[in-house]
Amino acid sequence: CFDFAFMAWWSVAALFVVFLPGILVASQVYKTAAALYVAMYLPMLFLAIVFYIKLLVNLRRMNAGQPGPWKERARAMTAPNVPPFGARNQTWSNVGVSQPPREYSSMQPDGSTALLATELSSARI
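In the numbering used here, the protein residues as written are 1 to 125.
Hint data in this document are derived by calculation from the structure and do not stem from the laboratory.
Built from N, CA and C at the ideal position, the CB exists for glycine as well.
Warning: the hint list may mix true and false statements.
Just the calculated beta-carbon pair ranges, DEER-fashion [as the list claims (entries may be wrong)]:
| hint | residue 1 | residue 2 | range |
| --- | --- | --- | --- |
| 1 | 60 | 23 | 28 to 38 Å |
| 2 | 60 | 9 | 38 to 48 Å |
| 3 | 71 | 8 | 17 to 27 Å |
| 4 | 38 | 71 | 21 to 31 Å |
| 5 | 31 | 69 | 38 to 48 Å |
All chains should be modelled from the sequences, with the hints used to inform the complete structure.
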């Protein structure tokens with residue numbers, strides 16, 4: 001959870017500790033395409049295991065309320081005294097072109113409205 005430094009260090013470690021030795025063994029000892037295929041995916045398996053363990057540790061720390069990279073990110077994302085959406089207190093419902101109020105007094109018994117023809121003519125469609 002936002003622990004990118006940890007991920008970067010372990011990715012470099014996987015390159016030198018898992019990938020390079022795996023490629024050397026596959027190309028010098030086994031000399032098959034299958035061995036190269038396995039050596040190519042070994043670092044991903046290694047990183048998946050390492051990141052899974054770190055995720056479990058981070059989840060325990062989060063639940064315990066301990067500090068970590070997730071706290072720094074949460075602090076950076078909260079800005080005090082700033083309107084939630086815009087300077088004019090806009091909301092998602094009033095952004096963009098304002099729509100004229102619709103009048104539904106001409107509702108037909110089948111549920112359709114007679115406004116469709118007038119809306120199309122006013123929109124010049």
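Hint check results:
{"no.": "1", "hint": "60 / 23: 28 to 38 Å", "result": "holds, 36 Å"}
{"no.": "2", "hint": "60 / 9: 38 to 48 Å", "result": "violated, 21 Å"}
{"no.": "3", "hint": "71 / 8: 17 to 27 Å", "result": "holds, 20 Å"}
{"no.": "4", "hint": "38 / 71: 21 to 31 Å", "result": "violated, 40 Å"}
{"no.": "5", "hint": "31 / 69: 38 to 48 Å", "result": "holds, 43 Å"}
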